[in-house]
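Chemist: Taken in sequence, the protein lines are chains A and B.
Once you know that position 134 of the first sequence is 128 in our numbering, the rest is easy, because the numbers rise by one and skip nothing.
Count along the second sequence from 1, then add 264; that gives the number in our numbering.
Simulated from the structure, these hints should not be mistaken for laboratory data.
Hints should not be assumed to be uniformly reliable.
Stated by the list, open to error - With beta-carbon atoms standing in for the labels, derived distance ranges:
| id | chain 1 | residue 1 | chain 2 | residue 2 | range |
| --- | --- | --- | --- | --- | --- |
| 1 | B | 297 | A | 3 | 36 to 44 angstroms |
| 2 | B | 315 | A | 9 | 40 to 48 angstroms |
| 3 | A | 134 | B | 272 | 31 to 39 angstroms |
Yeah, the Cβ is synthetic: ideal placement off N, Cα and C, and Gly gets one too.
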Amino acid sequence: MTELERNERYNKYVEAKIAKTHAWPSLFNAFCFGGIICVIGQLFNDMLLSIFPTMATQSAWTLTLIFLIFVASFLTGLGVFDKIAVYAGAGTIIPITGFSNSIASPAMEFKNEGIVFGMCAKMFVIAGPVIVFGTVASIIVGLIYLLV
Amino acid sequence: MLPWYEYLIVFGTGGLICMIGQILVITTKITTARILVLFELIGCFLAAINIYEPISAFAKAGINVPIVGFGASLAKGAINAVKAQGILGIFTGGIASVAGGLAAAIGFGFLFGSLFKAKTKKF
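Let the sequences and hints guide you as you build the complete structure.
Modeler: Printed below as a string of C-alpha cells:
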C-alpha cells in the first residue's frame, strides 16, 4: 500500500467518524423550537392580559419577557437548556431565552473562580457586548431623533 | 385569547427569524455573542426607521420574543424619551425601556448561578 493510498483511506475513515452537522434538519429544528418559544410567549402574554385586562401592552410584554428569562435561567441551572440547545441551535439562541442562558451559564461555570471576578465578571462574557451595543445604538437613535 | 391562526403567524415569524439565525450559524460559523448583537442591532434599526411597529402588530410575539424585540425596545424607548424629556431622554430612554428584562436576566442569572453547579457538558 503506498502512502497516498493509506492517507486516502485514513481521510475516508475520519470523514465517516466525524459527526456531521446536517444542515436541513438543523434548520427545521431551529424553526420549530424558535416558533414554539414565541408561541409560549404569546400564550403567556394573552393569559396575563385576560387576567389583568387593564394592564398596559408594554408592561405585559415586559412581564412576558421576564417570565421567559426566568424559565430559561432555571432550565440552564438544571442543565436541561444545554440539552435542548444541542437540537435547537439558533432556535433557542435568538429568542430572549438565549440572552438569559448566556448570563446564567457562565455565572454557574465560573463560580469556582470566586464570586466577584469569577461569577459576576464572567456573567457578561456574551451578554456584555449585547448590552454595550444596545446602549450605544439607543443613544445614537436618541441623538438622531433630537437633531432631526 | 386570540384566534388559532394568530398563533400560527407567531409560530411562523418567530421560527423564520430563528431559521435565518441558524442559516448564519451554518454558513459563517458565527458565535453566539455576534449573532445576538447582530439581531439586536437589526431590531434597533427597524424601530429607528419606524417599520418595527407594523411588523410587531402583525407578528406579535413572533418578533417581540426574539432578541430583535429587545433591540427595538431600546430604540423605541430612546425615541419616546427624547420626545418627552428632550436631551436627557437620549441617555435614559433606551435602558429604561429594557430595564425589566435586563434586571431579570442579571437577577435570575445570579440566583440560579449561585444555586446550581455547572454540569460537565456532553456533545
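Chemist: All hints are to be evaluated individually against the structure, with a verdict given for each.
Modeler: Hint check:
1. 297(B) with 3(A): 36 to 44 angstroms: 40 angstroms, holds
2. 315(B) with 9(A): 40 to 48 angstroms: Because 46 angstroms falls inside the window, the suggested range holds.
3. 134(A) with 272(B): 31 to 39 angstroms: 36 angstroms, holds
Taken one by one, the earlier hints all hold for this structure without exception.
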